[in-house]
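Protein sequences, first through last, are from chains G and B. Note that my numbering numbers the first sequence so that position 152 is 152, with each residue one more than the last. Note that my numbering numbers the second sequence so that position 75 is 75, with each residue one more than the last.
Note that these hints are calculated values from the structure, not bench results. As the structure is a computational prediction, the values presented were derived from the model and not from experiment. Treat the hints with caution; some may be incorrect.
Since the list can't tell identical chains apart, any single copy or any two copies may satisfy a pair.
[To be verified] The calculated lysine to any residue pairs, modelled on SDA-like cross-linking and capped at a C-alpha distance of 25 Å, are:
| no. | residue 1 | residue 2 |
| --- | --- | --- |
| 1 | Lys-335 | Gln-283 |
| 2 | Lys-513 | Ile-481 |
| 3 | Lys-54 | Tyr-2 |
| 4 | Lys-421 | Arg-183 |
| 5 | Lys-21 | Arg-340 |
| 6 | Lys-368 | Ala-34 |
There are 2 protein chains.
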Amino acid sequence: MYVPMLVHDFLHRAARLYGDKLAVVDGDNRFTYADLQARVNRMSNALLALGVKKGDRVCILSPNSHFFLESFFGTSQIGAILVPLNYRLVAEDHEYILNHAGVTVVLADREYVSIVEQIRPRLRTVEQWISARQPTHEATAEGWRDWDEWVGAASAEPPPACSPELDERDLVSINYTSGTTARPKGVMLSHRSLYLNALNMIMHLGIHHDDVELWTLPMFHCNGWGGVYALTGVGGTHVVLRAVDAGEIWKRIERERVTFACMAPAVLRATLDYPDRAKHDVQTRPRFTVAGAPPPSAFIERLEKELGWDFMEIYGLTETSPLLTISRPDHHTKKEDWARRSRAGVQGIGVEIALLDDEGNEVPCDEKSIGEVCARSNVVFEGYWEQPEETAKAIRDGWFHTGDLAVWDETRSIHIVDRKKDVIISGGENISSPEIEDALFQHPAVLECAVIGVPHEKWGETPKALVVLRPGAKATAEDLIEFCRGRLAHFKCPTSVDFLPELPRTATGKLQKYRLRESFWGEGTRRVN
Amino acid sequence: MYVPMLVHDFLHRAARLYGDKLAVVDGDNRFTYADLQARVNRMSNALLALGVKKGDRVCILSPNSHFFLESFFGTSQIGAILVPLNYRLVAEDHEYILNHAGVTVVLADREYVSIVEQIRPRLRTVEQWISARQPTHEATAEGWRDWDEWVGAASAEPPPACSPELDERDLVSINYTSGTTARPKGVMLSHRSLYLNALNMIMHLGIHHDDVELWTLPMFHCNGWGGVYALTGVGGTHVVLRAVDAGEIWKRIERERVTFACMAPAVLRATLDYPDRAKHDVQTRPRFTVAGAPPPSAFIERLEKELGWDFMEIYGLTETSPLLTISRPDHHTKKEDWARRSRAGVQGIGVEIALLDDEGNEVPCDEKSIGEVCARSNVVFEGYWEQPEETAKAIRDGWFHTGDLAVWDETRSIHIVDRKKDVIISGGENISSPEIEDALFQHPAVLECAVIGVPHEKWGETPKALVVLRPGAKATAEDLIEFCRGRLAHFKCPTSVDFLPELPRTATGKLQKYRLRESFWGEGTRRVN
Numbered sequence: 001m002y003v004p005m006l007v008h009d010f011l012h013r014a015a016r017l018y019g020d021k022l023a024v025v026d027g028d029n030r031f032t033y034a035d036l037q038a039r040v041n042r043m044s045n046a047l048l049a050l051g052v053k054k055g056d057r058v059c060i061l062s063p064n065s066h067f068f069l070e071s072f073f074g075t076s077q078i079g080a081i082l083v084p085l086n087y088r089l090v091a092e093d094h095e096y097i098l099n100h101a102g103v104t105v106v107l108a109d110r111e112y113v114s115i116v117e118q119i120r121p122r123l124r125t126v127e128q129w130i131s132a133r134q135p136t137h138e139a140t141a142e143g144w145r146d147w148d149e150w151v152g153a154a155s156a157e158p159p160p161a162c163s164p165e166l167d168e169r170d171l172v173s174i175n176y177t178s179g180t181t182a183r184p185k186g187v188m189l190s191h192r193s194l195y196l197n198a199l200n201m202i203m204h205l206g207i208h209h210d211d212v213e214l215w216t217l218p219m220f221h222c223n224g225w226g227g228v229y230a231l232t233g234v235g236g237t238h239v240v241l242r243a244v245d246a247g248e249i250w251k252r253i254e255r256e257r258v259t260f261a262c263m264a265p266a267v268l269r270a271t272l273d274y275p276d277r278a279k280h281d282v283q284t285r286p287r288f289t290v291a292g293a294p295p296p297s298a299f300i301e302r303l304e305k306e307l308g309w310d311f312m313e314i315y316g317l318t319e320t321s322p323l324l325t326i327s328r329p330d331h332h333t334k335k336e337d338w339a340r341r342s343r344a345g346v347q348g349i350g351v352e353i354a355l356l357d358d359e360g361n362e363v364p365c366d367e368k369s370i371g372e373v374c375a376r377s378n379v380v381f382e383g384y385w386e387q388p389e390e391t392a393k394a395i396r397d398g399w400f401h402t403g404d405l406a407v408w409d410e411t412r413s414i415h416i417v418d419r420k421k422d423v424i425i426s427g428g429e430n431i432s433s434p435e436i437e438d439a440l441f442q443h444p445a446v447l448e449c450a451v452i453g454v455p456h457e458k459w460g461e462t463p464k465a466l467v468v469l470r471p472g473a474k475a476t477a478e479d480l481i482e483f484c485r486g487r488l489a490h491f492k493c494p495t496s497v498d499f500l501p502e503l504p505r506t507a508t509g510k511l512q513k514y515r516l517r518e519s520f521w522g523e524g525t526r527r528v529n
Numbered sequence: 001m002y003v004p005m006l007v008h009d010f011l012h013r014a015a016r017l018y019g020d021k022l023a024v025v026d027g028d029n030r031f032t033y034a035d036l037q038a039r040v041n042r043m044s045n046a047l048l049a050l051g052v053k054k055g056d057r058v059c060i061l062s063p064n065s066h067f068f069l070e071s072f073f074g075t076s077q078i079g080a081i082l083v084p085l086n087y088r089l090v091a092e093d094h095e096y097i098l099n100h101a102g103v104t105v106v107l108a109d110r111e112y113v114s115i116v117e118q119i120r121p122r123l124r125t126v127e128q129w130i131s132a133r134q135p136t137h138e139a140t141a142e143g144w145r146d147w148d149e150w151v152g153a154a155s156a157e158p159p160p161a162c163s164p165e166l167d168e169r170d171l172v173s174i175n176y177t178s179g180t181t182a183r184p185k186g187v188m189l190s191h192r193s194l195y196l197n198a199l200n201m202i203m204h205l206g207i208h209h210d211d212v213e214l215w216t217l218p219m220f221h222c223n224g225w226g227g228v229y230a231l232t233g234v235g236g237t238h239v240v241l242r243a244v245d246a247g248e249i250w251k252r253i254e255r256e257r258v259t260f261a262c263m264a265p266a267v268l269r270a271t272l273d274y275p276d277r278a279k280h281d282v283q284t285r286p287r288f289t290v291a292g293a294p295p296p297s298a299f300i301e302r303l304e305k306e307l308g309w310d311f312m313e314i315y316g317l318t319e320t321s322p323l324l325t326i327s328r329p330d331h332h333t334k335k336e337d338w339a340r341r342s343r344a345g346v347q348g349i350g351v352e353i354a355l356l357d358d359e360g361n362e363v364p365c366d367e368k369s370i371g372e373v374c375a376r377s378n379v380v381f382e383g384y385w386e387q388p389e390e391t392a393k394a395i396r397d398g399w400f401h402t403g404d405l406a407v408w409d410e411t412r413s414i415h416i417v418d419r420k421k422d423v424i425i426s427g428g429e430n431i432s433s434p435e436i437e438d439a440l441f442q443h444p445a446v447l448e449c450a451v452i453g454v455p456h457e458k459w460g461e462t463p464k465a466l467v468v469l470r471p472g473a474k475a476t477a478e479d480l481i482e483f484c485r486g487r488l489a490h491f492k493c494p495t496s497v498d499f500l501p502e503l504p505r506t507a508t509g510k511l512q513k514y515r516l517r518e519s520f521w522g523e524g525t526r527r528v529n
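With the hints as extra help, turn the sequences into a complete structure.
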């Protein structure tokens with residue numbers, strides 16, 4: 001019997017079996033699974049009442065919140081496609097994304113309404129404006145509907161069946177991600193990909209019914225790495241964290257008896273370094289899952305030895321739903337193998353990983369031959385929204401090419417050492433080097449420039465600009481950084497600028513970024529974090 | 001990206017990542033995953049050399065063994081369909097199944113060669129005869145190839161890609177099961193069904209990388225309930241048990257550090273009642289998964305309190321891959337709720353369960369309204385082999401009708417109370433009442449008869465014959481039981497016979513079996529085990 005695998009079925013099961021169990025904690029709001037399903041149904045019916053049809057795009061711009069969680073299921077139940085926005089972007093980024101995706105409904109946290117207002121006249125396809133208010137927020141802005149009033153008027157019954165019927169290859173979300181191009185690309189993720197990714201999260205990270213997950217990870221990040229679906233699937237409890245703050249993390253771990261969290265290394269560090277740790281009486285033994293970069297192995301040791309908690313490293317991209325590989329103690333890796341445990345790890349169930357050279361041949365498993373990490377799996381995306389030429393570059397010969405370069409260690413764990421593509425990953429966020437270079441080139445003093453990732457203690461990597469000034473022109477590092485901050489989201493701006501007489505180029509004039517990176521990453525083969 | 005979900009990919013991953021890890025223990029044989037993959041590849045190549053093509057049927061008649069385990073992957077890799085046979089059947093049953101399935105290759109354990117020889121002249125489609133020898137077995141019989149010699153001559157390289165390419169809806173196995181008809185029906189199971197069932201086993205039974213599974217369950221039983229795939233998927237260790245024996249079970253649990261086993265309640269009982277338990281120094285804490293019938297709740301209590309081991313009940317059918325529901329402690333069910341924990345449990349992820357009345361309406365969740373257990377899920381089979389009319393009876397209006405009758409308890413756990421179809425489940429084996437009735441009717445003294453399941457302390461249920469003798473004819477209970485043993489597999493034969501003056505019938509002459517069953521199942525609503 002064929003039954004399409006649909007991500008909202010995870011919620012249906014939890015609501016049917018565990019209606020009276022705590023599903024979401026968001027500030028003073030505590031919703032059971034019955035509450036959550038009812039709110040999700042109201043949202044679906046309210047979207048239908050606005051005329052939203054299968055395939056229509058609905059975006060959300062919000063920090064973590066119960067509204068955000070509801071929006072995943074409220075849209076997918078009726079076949080609408082969610083576009084989760086990175087709230088760290090600037091208004092112009094959102095303008096590009098909303099117009100590119102053809103978004104018709106904007107959902108925005110009250111605090112982010114003003115950023116949308118800046119670009120509202122230029123949003124060509126948006127018809128509806130909904131604003132979600134937390135109790136501490138000011139009144140709903142003019143020209144916006146209040147989310148709670150909007151859904152309050154709608155039925156809590158399940159929405160009518162989607163027509164035409166949903167299939168598992170239909171899209172759930174379009175997740176814009178920075179990459180090799182100056183503009184972000186829209187990663188199309190299907191029910192099938194996200195469903196199977198959720199099962200892999202449950203299997204490989206041991207997510208279970210009694211888990212209480214602290215949302216240290218932004219939900220916009222690849223749908224919370226699929227945790228939105230995985231945790232709901234097992235009927236666990238979501239504890240929302242609006243903004244990362246070590247004190248708030250510790251408070252919630254203690255109070256809500258948190259057992260699980262996903263994060264970038266910087267959040268792990270902040271948690272470990274929190275000075276008032278001893279004041280908290282933690283009764284659970286949380287499992288921290290880290291991705292975005294491998295943390296220093298000392299962090300893992302501290303987490304497990306000082307706190308007695310558990311660490312797991314995973315690796316993946318938005319294009320892969322995201323889980324590709326996991327690093328946990330196993331047959332080859334002991335708990336104390338901290339260094340290996342910080343690596344990307346081994347392929348998950350249903351994921352095939354190859355390291356391919358430029359000719360598409362597998363590199364040998366010898367701890368030194370470098371190949372591009374390629375994946376064949378149902379978790380690989382359906383393509384970039386309305387960019388078939390970019391899709392064709394990324395998925396060829398049956399493999400998705402991640403752009404990351406790695407070696408095999410003797411356990412078939414991949415160890416990522418470099419990046420083929422022009423992306424810097426800082427604090428778990430993708431930053432496109434060409435986008436920063438585009439901004440710098442607008443400065444009148446800049447003749448040539450190249451932006452590379454350099455090591456950063458807190459963020460793993462940070463953008464550095466190498467600049468050649470026009471003859472006679474003058475600009476300081478501070479000038480150029482400030483110039484970028486006026487044009488780009490702050491997290492994307494270079495944190496340092498070096499001035500060079502010229503940039504290294506090949507005989508044919510091609511920029512040799514790897515040579516620039518060499519001097520910042522030391523002697524080893526590893527040139528990314 | 002669409003990648004078909006294929007069950008042999010579970011083995012490919014384990015062999016790639018854990019080639020030097022112990023995969024199989026069978027007597028003195030200890031194979032790593034690299035060994036297992038090599039043996040499986042040799043088998044695939046040897047089958048191809050025999051001319052086996054995609055879609056061809058290969059049967060196996062064997063107790064649990066490493067050969068049996070290999071046959072699952074060796075066939076599926078090349079798209080051949082495995083027909084695992086119940087070794088408790090008699091030669092005539094096998095004759096029917098092999099001819100019905102159109103089997104071309106017979107794989108048989110050496111001890112079962114003689115039973116095949118009895119029917120060999122009447123097997124219309126078989127072309128190849130392979131016999132698997134354990135070290136203690138006598139020499140290979142005339143007219144049979146020795147398995148190890150046969151595969152030894154073949155390459156250990158992966159077999160060439162299947163042509164046409166395999167899809168996830170293609171069949172892996174046809175599992176013959178007794179049911180509502182006198183003849184067993186061939187349950188067609190696809191890669192997709194078995195793959196997703198395996199993921200559900202991993203998720204719901206917590207099967208993990210360090211698990212060591214003792215094969216107390218016959219592998220022919222719905223491909224070992226999918227454990228063949230699930231345990232291989234996580235790279236666990238299979239410990240083969242050729243025949244159930246409490247002493248052997250305890251010995252292996254201790255020696256191999258067993259952590260997991262699946263079984264019928266009778267095996268659980270035998271394990272608990274083994275008199276020399278205290279002689280064994282068990283260092284692990286095994287999880288016992290039981291299905292086939294709910295064990296007395298006292299068994300669960302003994303397992304968990306006396307031994308400190310863990311118990312899980314599941315429910316399903318061969319037609320459902322088999323996992324439909326699981327019963328484990330959760331939000332509603334405490335560890336000490338022994339009575340509830342013996343029930344079938346709640347629907348698994350990706351499984352929708354409904355209890356439907358005769359009009360197809362859902363019965364209320366009130367602990368007393370009885371409905372037929374119906375399932376909508378990818379784990380539901382593709383139909384009965386060459387019996388579309390039987391398929392149409394079982395799968396209608398989008399639901400698979402199990403024939404089991406249940407009530408909801410307040411936790412949405414199903415509690416099976418009766419059976420709509422004429423099946424007796426004794427020691428985990430399906431027995432068809434009509435098949436026994438057919439045999440009894442061949443006795444000259446029998447005028448009318450009805451076979452029902454009655455409670456049995458060891459087997460859960462056992463067949464009882466209610467017989468009306470011809471006027472003037474004479475036969476004792478022993479006569480009729482002996483008569484059946486000459487015609488049926490012994491486990492199917494009635495263990496008692498009652499003689500009645502007439503059988504209860506409706507006004508239109510329809511036999512009222514439920515009235516016959518009433519007197520044996522007491523006052524409660526429950527009339528099955």
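Okay, the hints, checked on the actual structure:
| no. | hint | in the structure |
| --- | --- | --- |
| 1 | Lys-335 / Gln-283 | both (22 Å within a copy, 20 Å between copies) |
| 2 | Lys-513 / Ile-481 | within (20 Å within a copy, 86 Å between copies) |
| 3 | Lys-54 / Tyr-2 | both (21 Å within a copy, 22 Å between copies) |
| 4 | Lys-421 / Arg-183 | within (14 Å within a copy, 63 Å between copies) |
| 5 | Lys-21 / Arg-340 | between (38 Å within a copy, 19 Å between copies) |
| 6 | Lys-368 / Ala-34 | between (53 Å within a copy, 24 Å between copies) |
No hint from the list above goes unmet by this structure.
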